[in-house]
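Enquirer: Place chains B and C with the ligands on chain A using the hints.
Residue numbers (our numbering), protein chains in the order written: chain A, 1 to 200; chain B, 1 to 439; chain C, 1 to 197.
Every clue listed holds true.
Simulated crosslink set (SDA-like; lysine to any residue; CA at most 25 Å straight-line):
{"#": "1", "chain 1": "B", "residue 1": "Lys-110", "chain 2": "B", "residue 2": "Arg-95"}
{"#": "2", "chain 1": "A", "residue 1": "Lys-148", "chain 2": "B", "residue 2": "Lys-436"}
{"#": "3", "chain 1": "B", "residue 1": "Lys-419", "chain 2": "C", "residue 2": "Gly-18"}
{"#": "4", "chain 1": "C", "residue 1": "Lys-24", "chain 2": "B", "residue 2": "Arg-407"}
Everything labelled a hint here was simulated from the structure, so no lab data went into it.
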Amino acid sequence: MESLNLLTALAHVNVEQGFFYVLAAIAIPLAYGVVFDRNVIRSGFLLIGVFATIAGLFFLLQAQFLGLSQILIYGVGITLVIVIALMLTNARQETGMNPALPANVGLASFVSVLVFTTIYLSLRSAEDWPLKNESSLSLPPNIEMIGKHLMTYYALPFEFASILLLAALVGAVMLSKAEPASLANAGDEAEQAVDGTDRV
Amino acid sequence: MNSAVFEIGKFARLTLLWLCIIFGAVWGVSWSIGVLLPAVILSQSGESGRFWAQLLQALVPVVAVALFVPLNTCYMVLAERRLLALFTVRKGPNRVGPDGAFQTVADALKLLLKEEITPRGADLLMYTLAPVIFFAPSIIGVMPLLAAVSGNHPLFTPVNLPTGVFYILAVSSIPVVGVVMGGWASNNKYSLVGALRSAAQAISYEIPLLLSIITVCLLAGTLDFVQIADNQRGSLLNWNILGGGALTHLGIGSPWWSIAAALLLAACCILLFALYVICACAEVNRTPFDLPEAESELVSGFNTEYSGIKFAIFFLAEYTNLFIVSTFAAVMFLGGGHAPFPGLEDACISGLRGLLAAWFGACTPFQLGWLVNSLVNPATVSQVFWIIVKSYALVWFASLIRATLPRLRIDQLMDYSWKRLVPLALILLIAVTFLKELV
Amino acid sequence: MLGMVGRAAEGFYQVCRGLWTVFKHSGRPPTTKEFPDVMPELPGAFRGRLALAVNPETGEHLCISCRQCERVCPDKCIDITAHKSPQTGKLELIDFKIDHGLCMFCGLCTEVCPTSCIINTSDFEMSEYSRGALIYDLKRLTLSQEESAYYFAKKDLPPPKPKAKPAPKPEAAGDAGESLAQQPSDVSQQPGPKAEE
Ligand code: SF4
Ligand code: SF4
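Bound conformation, chain A alone:
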């Protein structure tokens, strides 16, 4: 493992911290962009960028599995669906709107301050993060462990998950087959509700 020498040499010059700051410097403007961009779809794409940089942070923490799942599920799957939903709704109406109404601002800032304090306190109170003083290279390759366990020890829960998926699929098929009036009416009502909020 000659290449590990190189990695340890790099680790000595604290590349990890450097990378952390680089990623943070990318993530924070992107996150601000998500909030402040007037174009909903663009902020959706920026959100994908934020998730990608967070996946990068996971990689830095040697949590490759988490990072990859982050990309696969949040970065691409879910956010993309949201973006597409935004595209299919009429986004042009929204550009004229002002989301920062005074009432909303109060509530929003209250919630964000609350969340920030909670996270900050919980982070500070835990004095010693177990990872903090350890060289991350000495950890067991966690992704391999997860892989092995998933394929052998946890095969049964894994199967249950797949059965759950199957059930969900069957449910989705049933829902989409049950076309009739009741559902269509529900859709209309939802639309009206959306219209109502738009006018506020």
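Expert: Here is chains B and C with the ligands on its own, set in the frame of chain A:
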């Protein structure tokens, strides 16, 4: 008849020429910066040069991929055009260079020199970023495959990940973001429709694709490419497409249920392979599923507005993705770099090695022995040879599919994925899990 | 369930058969004709560049300036300049311009021409560097005697009579496609005699 054979011969010649160019270049560069330069540095500056030598060695996979991708695309586009010509009883491009060998190089140059146009009302940032996001995963994505395709060559081991399969799956889901981005940013209805179709298609076909790959991983018991490939060592019967060695365990005295399970497992795996091929075609927008860029309805879909180098990048990424899924299939199902009949191959190799040794031995007074050893690693050569054969065979098969099958309608496309492929994938997943235990 | 499996198997079989059929075609010699090296054999009825034929025997220009082609052209790309000759009192052709950039090669003009003067040649290589160069004048349009003879033979047109008395309308040409195409215009031109035939 004669001239038909002649055409096939021409295609074979082109293929040989291009494979020599591609792999000669990749191998030459890898060897010079991975073996030659470090050796020179170490001999010149001793210990102080160790860092640089290692840095160079660490760079080998990146450089190899960066060199491989454009060259390979040039060949694949050419091969596709020639093959389509063969199947439709035409001649194909045959003007630039011998037999048109450099047609695609000329095309690429022309494309790079073309004017770049940004449509009015386009979102410039997104518009520029889209090809990059589309293309970057195909460069990053091949990395973990390198170790498996080169037979775990020491230069390429560092890029092997214990969860290479998962890594590739995660990375290969990114391009669709680029497609949606590009389609939306170019401010064109056709592009947007193409992009939305692409997203719908990618999301619905990713599920059976993932399930089929997961099933293979379950069969192999690992997510590591090198191990998956190594598990299929042996002969044709050990390949995952035939149940990953289930058939070889059978003896005369094995109980009937074991035989039945093994046969069933093999059948399931063949189905899995078919499932994978179908979904992979959909993932890389190949013909029966090329709705995102349906030329006849959407004027090439999400990349309608792109021109010049940005379009070239889209093009590059598309063909690279096709190659990646082919190599992926070769590693996952077709035994990676292992020969179908190893006995035969071993005989050939030892013969060849004897020949080489005799030849080089005759003309090498001194250092050349070391050169030969570092140049030609018979294990690597055989691995790479088989991977090349298998991957390109799959690529050509994709061309055959393109020449044959018409495009699906969008509702058929969705139906096919959700009502047919996903249940099939789930059934296969369960079946393989239990059959694997039974064998 | 079984039916579905059966249909899936059937579909799979059909797809494989299709693939095999296409694959078999790779064993056939290509039908490609490499154009600049091998010139295509075009049929007489091919509608290429327009030209004005001369009488293959005497070399006199066949156009009688009747302007039928000018009138019938849907694109109005024919421009004829003619005047009444003071000596003979007959129409005399001064200039004949066809804008090939505008022409759609429908061949209507060739069908109405009473003297088979204006014809579609088999030439299709007419790229130019400017649009102006696509407007052909009388000089560029008029064929030589040999060329006229060649096209009269190729298109199977009846040889024109000398100009003294205006040549009768050429009858329907030998090949079926042309005669079919000629029918309607013939009827519109000369309803009487056609109906009698
Ligand atoms: S071929 Fe048709 S378009 Fe051309 S000049 Fe004759 S009538 Fe006009
Ligand atoms: S129809 Fe024939 S004869 Fe009459 S003007 Fe045209 S080319 Fe001349």
